[in-house]
Every structure is written in structure tokens, then in C-alpha cells.
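Trainee: Grab the two chains, each in its own frame, and use the hints to assemble them into the complex.
This is what each chain is made of:
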Amino acid sequence: MSANNKSNQEPLFSAKNTKLLKKPFNLENPITVQVLGICSALAVTVQMKPAIVMALSVTIVTGFSNLLISFLRDTIPARIRIIVQLVVVAALVIIVDQILKAYLYDVSKKLSVFVGLIITNCILMGRLEAFAMGNKPWPSFLDGIGNGIGYGAILVIVAFFRELLGSGKIYGYDVIPKVVFETGYVNNGLMILPPMALITIGVIIWLQRSRNRELVDKS
Amino acid sequence: MKAVRKYLDKVKPQFQKGGRFEKFHSTFDAFETFLFVPDTVTIKGSHIRDPLDMKRTMSVVIIALMPALLFGMWNVGYQYHLSVGSEAGIWENFWFGFLKVLPIIIVSYVSGLGVEFIFAQYRGHEVNEGFLVSGMLIPLIVPVNIPLWMVAVATIFAVTIGKEAFGGTGMNIFNPALLTRAFLFFAYPAQITGDLVWISGLTGNAQVVDGFSGATPLSSAALGMFDKIPPLSDLFFGFIPGSIGETSKLAILIGAFILLATGIGSWRIMLSTLLGGIIMTLIFNAFGANEYMKIDALTQIMLGGFLFGAVFMATDPVTASQTNRGKWIYGFLTGVFAILIRVFNPAYPEGMMLAILLMNTFAPLIDYYVVQANIKKRLKRVKLAVENK
Chain Y
488 MSANNKSNQE PLFSAKNTKL LKKPFNLENP ITVQVLGICS ALAVTVQMKP
538 AIVMALSVTI VTGFSNLLIS FLRDTIPARI RIIVQLVVVA ALVIIVDQIL
588 KAYLYDVSKK LSVFVGLIIT NCILMGRLEA FAMGNKPWPS FLDGIGNGIG
638 YGAILVIVAF FRELLGSGKI YGYDVIPKVV FETGYVNNGL MILPPMALIT
688 IGVIIWLQRS RNRELVDKS
Chain C
548 MKAVRKYLDK VKPQFQKGGR FEKFHSTFDA FETFLFVPDT VTIKGSHIRD
598 PLDMKRTMSV VIIALMPALL FGMWNVGYQY HLSVGSEAGI WENFWFGFLK
648 VLPIIIVSYV SGLGVEFIFA QYRGHEVNEG FLVSGMLIPL IVPVNIPLWM
698 VAVATIFAVT IGKEAFGGTG MNIFNPALLT RAFLFFAYPA QITGDLVWIS
748 GLTGNAQVVD GFSGATPLSS AALGMFDKIP PLSDLFFGFI PGSIGETSKL
798 AILIGAFILL ATGIGSWRIM LSTLLGGIIM TLIFNAFGAN EYMKIDALTQ
848 IMLGGFLFGA VFMATDPVTA SQTNRGKWIY GFLTGVFAIL IRVFNPAYPE
898 GMMLAILLMN TFAPLIDYYV VQANIKKRLK RVKLAVENK
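Chains as they are written, first to last, in the numbering used here: chain Y, 488 to 706; chain C, 548 to 936.
Excised from the complex, chain C in its bound form (with noise of 0.2 Å):
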């Protein structure tokens, strides 16, 4: 690391004003600050700034999500064994499904911090670190045969549009992630649905075991095939088929444990997020007018990409609501939504993806009148206390 450090020093000068590669420093200072912590302190005034920087913020999601990634590896690995009827140990499942997954984690950081980079060049400011995460996100929100182009071209997409058209991290309106997701969704729909694609390798004439089906619990279940669900303890685990990073609830629980233990994520939209899906299955439960309305809360929530949404992409501290009062309305509706989509529309199984966007687009509005209830309840405070004297 100290070698590291020196040969930064050494080469720094020339990124640095007058220098040789004056036009690149955005570049330069991408890599130094991802490397080490920035040295800059306060000069003025009674400041004091705090070391954990975003790029740090960004590394502890990445943290977080390691577990989900690591299980999604395996997984992809024992499905295809599942499918093709071969045993295979923990080792040979993993190194498979990590094969697999690698691919589409290097397309999708290159594409996207590709886009960022040429911005942060163009515009000459910083390159945002917003992306470190999404990066990440995208490979675990995907089937694992979706093709790698199309995984650039969404990334591309959602970068461009969704973020640096707005201005970059922290202005987006939308979460990038799941800008990426939809956009495949939309445009290539036969590659993100379906039955063949959630298995690797998995085409229409490919040889399977006798009653294996690719079908995802979600997809089943919006087929209106509620007797292919598997048990909630296959569910919980993740030993189904399903987008790469979403099936273990275990894993994700533990990289939920690792966003509020450091602060991160917020609680009250984790929370309120549940409670909003809970209760929606709940009246539905109430209603049940048809089967998937009766399914119960338990599995509903277990069922595809809930808990993954409601852990690492609700909470997105850009696109969610940043008033404590907004968080919790906006998170509630979410899993209303996402709820209320799946069971309504069978034509959109995941649910998830398109609450969260619909809800990161109210959120500023959710802000906006939460501000001005609480400027409204001061003023009528001040208001009782002058007429009182």
C-alpha cells in the first residue's frame, strides 16, 4: 500500500494545475480518493469533517451486498446442476456460477463508470462515486443469461438518462440500478422473463431433468401455478431459481444487518417498507377474491426481489424521501405498491421495480409536503404563544 501511496505522490504534480496531464485530473482523483482517504480538512471555522466520505459510504453497501453476490454465485452453479440432474460440490457450483456472474459485473462497471468518467472529463469535476454501487447492483438484479451487450447498452441508458442528464450523483431523479432493470424489462423482454432465463445455459431445446421447470416462485405464482411455489425454508434460503442476487432472503438479511449496524440504510424505509407489504397482502388476504390474493404475508414477502428492493434499492439516499416522516410514507407505499402491482397485473410479475421507481419519483413531493406540514404546525405554534402572552 505504501508503494502505492509513493507512486501516487510521485505522479501527482503532473495531474495537478500546470502539469502534464492537467486535462485527466478528474481521473487521477477518482482513483486517489478510492484508494486512500482524502487528506482535506477545514481551514476556516469551527467544522469538522467527517472521514466517512462517499466513496467510504459506498464501500460498506458494497460490504453489504457481498453476501448476496457470494450466495447468488453458488446458486447460479447449483441450479445448472439442478437442471442438467448432476451432483456437485459447494466449490464446483461456486467457481461455475462465478464464471458466470464475473462477466456481467466487469460489463456493467466498465459501461457505467465508462459514461462517468467521459462526463466528469467533459463537464471537468470529479467523478462521482454514485456508480460504485450501482455497478454492483445491476449484475445482482439480472438474470444470469441475459446477454452481456444488453447489460452495457441498459447501463449506458440509465447512466446517461437518469443520472448525468440530471447532473450527476446525487440529482438523479431515479435509482440507476433499477433505471437499467426496467429498460431491459421494456426492451428486451424476452430476455429478462420467462422461464428459460433465470438458469444458466437453459435454452429451449437445452436437456433437462424430467419436471424441472426454470419457472421463478414470482412467475409461477402469476401464472396462477400456486402449487409450484417451493416451502418458505427454500424461499428464505434461496435455493430457487430467480435474478442472480435475489434469492437468498438469509444473505440479504445479513447485508441489512451490516446497513443499519453502520448507519447506512435507513430504518424507518427498511421498515416501513415491510409493514406497507404486509398490510396490503393482508387486506388482500382479507378480500380473496382469487388465489394469489390469499397467499400470506410470509411468502408474498419472500417472493421475488421484495426484500432485495426494500434492503438495497429503496433505501438508495438519493431517490428516497430524506424527511424522517417522508421516509416512512414513502417506504410504506412502496411495498403497497409492489404488492398491489403483482397481485393486479400478472403481466408485470416483479412488482418491486416498478413501485420503487413510481415512488422515487414522488419522493421529492412526499418532502415537499411534509416540510410545509411541519412549517405550518411551528407557525401555529408561535401563533398560540403570542396570543397566550
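Chain Y on its own, in the form it takes in the complex (with noise of 0.2 Å):
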């Protein structure tokens, strides 16, 4: 990109690229709109911390792979493109699994396969297809930034609740006081079994589609 064209050319965060960023935190929600990923999000919210790597981890993947994936958009022969695709993805993956055994290895215990899941986590792919195939890098990016974090905020309000209410702690530390559980008051198990994570991202897709009458489905 030389000098003398970036008049024409539109700023980095115009309404458009912003845009981007941020309907997936609404209205086209990975999780609660399209439905996808929802088998991490389901695994990986018994607590906090797990969930907010995971977050980190497939924001930058989502990230990165749109944006190589749109560089190589005009060159990848139609027919391989998903191989491609993968190929771009497990690489990225790779590194961010290396990453995190090398400097939170807790953590990456407790994630145990999920980290390698993300190659074929349901987001990533809709992504490259929908979008890193047919735009800019930038937008791409920002578009799987936005993706990622938009998976990644469902993810911390589930395990947010999912922690408070089954272990009566929020990152780790105890935040329920003894008072309360000395009045008898006890940790809720139910809410540490994955079922619990299918009911609480049901219950935040019915608080946004009673929000959002334009989600919801007619018939």
C-alpha cells in the first residue's frame, strides 16, 4: 500500500469495519444466534479462568486465520480450500496449544482436548467460508476478532453463573461468605453438570430473542 492511494482508501475503524466487531456480540451471536460452538461452551464454563483462556485462544485463532485465509483467498484453488483452510487453522492452533502448556499449564490441563477442538469448532469454518473467502484481510480480521469475542463473552456469563452457583466462587477466589453457608445454605451441583450450561445459554437465548423480536423465527 503505497502513500499516495490512502486517500481513497477508507479508515481503519469506519462504521462498516466496526460494524463488524460488533454484531456478533448481539445480533449475530456465534452461540445464542447461529448456534454454533456450542459444545466448548458447554465443556469448558465450569469455571472462569477455563473459560476466559478459552476465549483468548479462539478469538486468536479466529483472528488470524481470517486474516491468512483472506490473504490467500485469490490464490487457494476452489476445490482444496477447506484442506487449506484446516491446514491454516491446525498450525494456528497448534502454536496457541504450545503457548498455553508452556505458561498456563493448569489451565491447559483443565482444557484438556478442547484447545485441539478448536480446529473443528463450527465457528472457525463459517467463518472462513462466509467471510475471509470473499473480503479484505482487515475486515476479516476484525470480523473474526469480533466472532471470537462474541463466543468468548456467552462463554464467561455462563461460567460466571455456573461458578458462582456451583462452587460459590467467581475466578477462583471464594466469594460467598461462611455466614451464609453456616445458615445453610449450599453450593448448587447442579449447575456443575453440562446440562446446566444447556439450560443457562437457553435462558440467555430467551432473554435476547424477548429483546430482539427480530430474531425470533416465524411461523
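Hint data in this document are derived by calculation from the structure and do not stem from the laboratory.
Quick caveat: nothing in here was measured; it's all calculated off a predicted structure.
Backbone N, C-alpha and C fix where the C-beta goes; we use that ideal spot for every residue, glycine too.
Check each hint, because a few of them may be wrong.
Okay, the calculated beta carbon distance ranges per label pair [claimed, not checked]:
no., chain 1, residue 1, chain 2, residue 2, range
1, Y, Gly613, C, Gly717, 32 to 40 Å
2, C, Gly717, Y, Ile567, 51 to 59 Å
3, C, Thr574, Y, Val667, 31 to 39 Å
4, C, Lys923, Y, Ile581, 52 to 60 Å
5, C, Arg925, Y, Gly603, 49 to 57 Å
6, C, Glu934, Y, Glu616, 47 to 55 Å
7, C, Leu582, Y, Asp704, 36 to 44 Å
8, Y, Val673, C, Tyr669, 27 to 35 Å
9, Y, Ile569, C, Phe834, 50 to 58 Å
10, Y, Leu573, C, Glu934, 53 to 61 Å
11, C, Phe834, Y, Leu543, 51 to 59 Å
12, C, Lys564, Y, Pro498, 52 to 60 Å
Take a look, some chain Y residues computed to stay more than 10 Å from chain C by CB distance [as the list claims (entries may be wrong)]:
no., residue
13, Lys509
14, Lys510
15, Ala530
16, Lys536
17, Pro564
18, Ala589
19, Asp593
20, Val594
21, Gly603
22, Ala617
23, Phe648
24, Gly655
25, Val690
Mentor: In C-alpha cells form, the structure reads like this:
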């Protein structure tokens, strides 16, 4: 990009581009609206810490895989595009996995296979196919980051309630005072089980749709 | 009663359109129709409105539950006095139990109806009557020692997630009362299973008579202590520890009789559930691989909440199958699964709860196939008739 045609370029955070970042938060949320990536959302949301790490990992992978695929989009033969996409995603996931193992070993243990399974996360393939293959690198990157954060936001919300009600902690710290336990309060064992994650996501979807009528299916 | 009617008529305009409390129309309506049969009549066409509306139907079920409730109250007192080794008369036992059970009933109704009223107000429709029965069922299927706040949390959860999320009474997939119990069972296992929760005031270091154990016959069976199962007569009359309403099979049978005589409960479901349970037990008897399988059918049915579930829970008109043939299949499988879960998985001593919830999920599917089969059969008949012409 030479300096003299800078004037015709749209600014980095133009209205269109910020929209790409913001949309996945509400109207195009990958989990609650597109219902993608549910399996990992159920598995890693027992506590806040793994959920946050997972959210960051997915955000980084979606952002950079979108960026790389968008750079390559004109050179990838259409027939083998899925394989190429997978190679890019797998490489990124391995990097993330190695970093987690090196610096956050405990969390990486807790996340176990779910970091590796980011490769098969439907959000990634969905964004690559639907967006990165047809858009310029910068918007693709923003779209990837936006979707990653949109996914992560739901993860963190679910993990917050599950950890608070299931183990009485937030981010590993006890928040419910001992006095409450002495008066007979008991942690909710159901919150730790995966079904409750599904119900929590269901409640989020319910609230979101009752606020945004346009999301409700017409039938 | 007349004074009440007069008062209602006086304040009614304020709740109708344009009135001061128009917003609380649904709340007013709920109280009015609860107290009096609504005088709505059809204007056009030849429809006849049955005066037996949903509130009356529910009231009959409540009446049918009364024997089990009253006996349950007495039994709470009886078991308590048994555990501390003192003698008490009928009234003393009853009064003791009454004071223990009443708070649970109140909490269950207040929290459940509270949710219903909030949603009715918010959505601007009538308050659903469905909770009248659920609110009475919930106290009957929990142990007497259950902390009240847990009852409230579980009830609010069940009514919100199990009922209102699906659109209120008549739309729910699962029986709200059973959902309450399932929630308690998985969320607070220590407060709803074990030996200590069934007798009022029994804790780890309570003073009890030598040899007294608060274990229910069902949990004894699950733990493999088959000699601890009391004689059949005790199981039948209900002098055993257990959830408040489930112990006396006699009281449940009286309730079943009321339901059947008024035509409100489905005899097909009750009968087929029983048959399912008996046949599954007979199959187990034939195998006899372990001690639990060898228990005879009569004892198996007398244990735990099997009968209570079959009479009051499986027959819930909303969550059960609607077609007649569907009811047979639904009931039969409920009975089969209840015994299966009981015998194969000692971690879930009460198979009935899980069996009914499982079959609730399948009830619409069963109906679908029954209807489809009927359509197919009729089409064939028509084709045959056309060909023979």
C-alpha cells in the first residue's frame, strides 16, 4: 500500500468495520443466534479461568485464521479450499496450544482436548467460508476477532453463573461469605453438570430473543 | 360467600378496561375464577360450554391428593416419635406433622404462584391454573427435612424453565412438580437422599432409639439390605419413612379412585404403568441374576413412589400422551423404565421420577406415530373400498 493512494482508502475503523466487530455481540452472536460452537461452551464453562483462556484462544485463532485465509483467498483453488483452511487453522491451534502448555499449564490441563478441538469449532470454518473467502484481510481480521469475542462473552457469562452458583467462587476466589454457608446455604450441584450449561445458554437465548423481536423465527 | 360475590362485583369495574387497576386484570381474574365458576357463555353457534373448567378439574385433583397429604402429615409425626422412642396419640402425631409440612406447602405455593403471576402480568394474559396441583404435589414428593429455601429455588426453577419458557400451562413438556424434584435431586443430593432426611429433626448426631434407621425401604433395597424391607402391610398402609405423600399406598389408592370416578385421571395410563412395572419385575424374576431382581412384583410396586407417580404424575394430562393407544404405550414404558432404573442403577434409587420425565420427552413422539399409523390404516381402507367398487 503506497502512500499516495491512502486518501481513497477507508479508515481502519470505519463505520462498516466497527460494525463487523460489534455485530457478533448481539444480532449475529455465534452461540446464541447461529448456535455454533455449543460443545466447547458446555465443556469449559465450569469455572471462569478456563473459560476466559478458551475465549482468548478462540479469538486469536479466528482472528488470525481469517486474516491469513483472506490473504490467500485468491490463490486457493476452490476444490481444495477446506484442506487449506484446515492447515492454517491447525497450525494456529498448535501454536496456541504450545503457548498454553508452556505458560498456563494448569489451565491447559483443564481445557485438555478442547484446545485441540478448536480446529473443528464450527465458528472457525463458518467465518472462513462465509467471510474470509470473500473479503479483504483487514475486515476479515476484524470479523474474526468480533466473532471470537462474541463467543467468548457468552462463555464468560455462563462460566460466571456456573462458578458462582456451583462452587461459590468467582475466578477461583471464594466470594460467598462463610456466614451464608453456616445458615444452611449449599452450593448447587446441578450447576457443575453440563446440562445446566445448556439451560443457562437457553436462558440467555430466551432473554435475547424477547428483547430483539427480529430474531424470533416466524412460523 | 354472598358477601364475597358482592365485594368482587363492586371492585370488578376497576379491573376492567379503563379502570384504575386495569394492569392487574389478570390477577383479579385469577382470584375471581378461583372462587366462583365463571359465567362465560357462548353467543354464536351451538357450542356448549362445560362448566367443568380447568380450575374445577384441578380442584378435584387437589381433593384426590388430600388422603395422601393428611396421612403424610400424620406419618411425619409418627416417624418422629418412633425415632426418639416416645409414644404419641393420633392427634399429637398429626399436629406435629402438620406444623412440619405446612411451611413446605406455603413455600411451594408462594414461590410457584409468584412466578406465574409475574409472567401473567408481564405477558398480559390470565393466570394459569396449572400450578394449583403442582404446588400441592411438590410438598408430597420431597423429604420432610428439606430446607425451605431449596424448595423455593427448585420451584422457581421448574416453573420458569419447565413451564413459562415453553409458554405456560398446557405447553410444558415436563411435569413441573417432577422437575422440581429432579432439580433438588441433582442440585442438592445430600438434602434429598440418604438415611437422615426422611425423619423430621434427624441429623448426624441426633439421639435415636437403638436400631432405628431412617432409611426408606427403597434405599435399603438399593444398598442391598433386602432383609430391612418392612412387611407388605407396612408398605401398604405407609408406616415407613419416605417422601411426605408417597408412603401410604392406601391413601394413594383412595386418590386414584376419586380421579377415576370423576373421569379426570386416565385409567389407561394408570393401568398400563402398573402393567409395565409388573411385567418388568416378572422378567427380572425370571433372570434372577441378583437379589434386587428377585424381589416379587407386589413389593416392587409398593416400594418408593411408584404408585404415587403412576396415579398422580404420569397421568398429568399436559405431559402425557393424548391419544388412547399412545397412553397405553406411554404408561407401559414408564413402568418398565421405572423398574429398570431402580434395579440397574442404585445411584438413582427412585426410578419413577426419571422414568416419567423420560417418557414426558417421548410423549409427543408417541402421539405422532399413533396418529400417523391411524392415517395409514384409514388410507388403506379407503383404497381397498375404491378398488372393490
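Trainee: It remains to establish, for every hint, whether it holds in the given structure.
Mentor: To see whether the hints hold, each was checked on the structure:
no.	hint	verdict
1	Gly613/Y <-> Gly717/C: 32 to 40 Å	37 Å, holds
2	Gly717/C <-> Ile567/Y: 51 to 59 Å	54 Å, holds
3	Thr574/C <-> Val667/Y: 31 to 39 Å	33 Å, holds
4	Lys923/C <-> Ile581/Y: 52 to 60 Å	55 Å, holds
5	Arg925/C <-> Gly603/Y: 49 to 57 Å	55 Å, holds
6	Glu934/C <-> Glu616/Y: 47 to 55 Å	53 Å, holds
7	Leu582/C <-> Asp704/Y: 36 to 44 Å	40 Å, holds
8	Val673/Y <-> Tyr669/C: 27 to 35 Å	30 Å, holds
9	Ile569/Y <-> Phe834/C: 50 to 58 Å	51 Å, holds
10	Leu573/Y <-> Glu934/C: 53 to 61 Å	58 Å, holds
11	Phe834/C <-> Leu543/Y: 51 to 59 Å	54 Å, holds
12	Lys564/C <-> Pro498/Y: 52 to 60 Å	55 Å, holds
13	Lys509	28 Å, holds
14	Lys510	26 Å, holds
15	Ala530	18 Å, holds
16	Lys536	23 Å, holds
17	Pro564	46 Å, holds
18	Ala589	38 Å, holds
19	Asp593	27 Å, holds
20	Val594	27 Å, holds
21	Gly603	30 Å, holds
22	Ala617	30 Å, holds
23	Phe648	13 Å, holds
24	Gly655	13 Å, holds
25	Val690	7 Å, violated
Of the numbered hints listed earlier, the single one contradicted by the structure is hint 25.
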